[in-house]
Amino acid sequence: KAGVTQTPRYLIKTRGQQVTLSCSPISGHRSVSWYQQTPGQGLQFLFEYFSETQRNKGNFPGRFSGRQFSNSRSEMNVSTLELGDSALYLCASSLGASGLADTQYFGPGTRLTVL
Amino acid sequence: AQSVTQLDSQVPVFEEAPVELRCNYSSSVSVYLFWYVQYPNQGLQLLLKYLSGSTLVKGINGFEAEFNKSQTSFHLRKPSVHISDTAEYFCAVSVNNQGGKLIFGQGTELSVKP
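Chains as they are written, first to last, in the numbering used here: chain A, 1351 to 1465; chain B, -10 to 103.
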């Protein structure tokens, strides 16, 4: 089975712009979670989608949003970019049905740099 | 609220020596525990997980971890490390009723020297 794929792998944007990141989960997985990784804050949970519905949300401002499509692919959007949004954004997928004991499989990440 | 503390930010060790990476968690409810490894410029790879049952869990690449409920710990061990084990290791918990949300520790950078 193909793993979790994320596109693009690298992005450079300027302050005030918006950006959309994409994640394709492992075939058959219905849950997609997003995480932000920075040197200062570490790995922080953004949100989780299951069957096109947001199931969990972390403590991020409303500039961070996401969605999931019927084929389980997910996108996350960051509007009005700030310098502090520079980070590695990781996507993880899981079967999702049990909601808890599923193993999360991570993609390689999208490295976002905001200038 | 749940939290995870990895007690060492960096662990240098010589090749073929044993290593222990420490992880403590705080939670008022039952949790599930995971260790992930991250190689440079890559995503996270699952090493092992504790869901229930035997408290000694074996994972990939010769790693194992022991769940200790009384000490709220989940330390990761390997009896003999290789240069290729050099990476960052993350301990994480997930909590019942919170779906796919993982709470991560700050990470431990393992550096294996020849």
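Hints listed in this document are in silico derivations from the structure and should not be mistaken for laboratory results.
Misleading hints may appear alongside valid ones.
To be verified - Label-pair restraints from in silico Cβ distances:
(1) B/SER100 / A/GLY1392: 12 to 20 Å
(2) B/GLN(-1) / A/ASN1421: 38 to 46 Å
(3) B/PRO29 / A/ARG1417: 40 to 48 Å
(4) A/GLY1378 / B/ILE49: 29 to 37 Å
(5) A/SER1420 / B/ALA6: 45 to 53 Å
(6) B/SER69 / A/ASN1427: 24 to 32 Å
(7) B/SER59 / A/ARG1417: 42 to 50 Å
(8) B/GLN31 / A/GLY1408: 18 to 26 Å
To be verified - Only part of the chain A face toward chain B is listed, based on derived beta-carbon distances under 10 Å:
(9) LYS1351
(10) GLY1353
(11) PHE1419
(12) SER1420
(13) THR1453
All figures in this text were calculated on a predicted structure; none of them were measured in a lab.
Think of the CB as a built atom: it goes at the ideal place given N, C-alpha and C, for glycine as much as any other residue.
query: Hint numbers the structure violates, sorted upward?
result: 3, 4, 6, 9, 11 and 12
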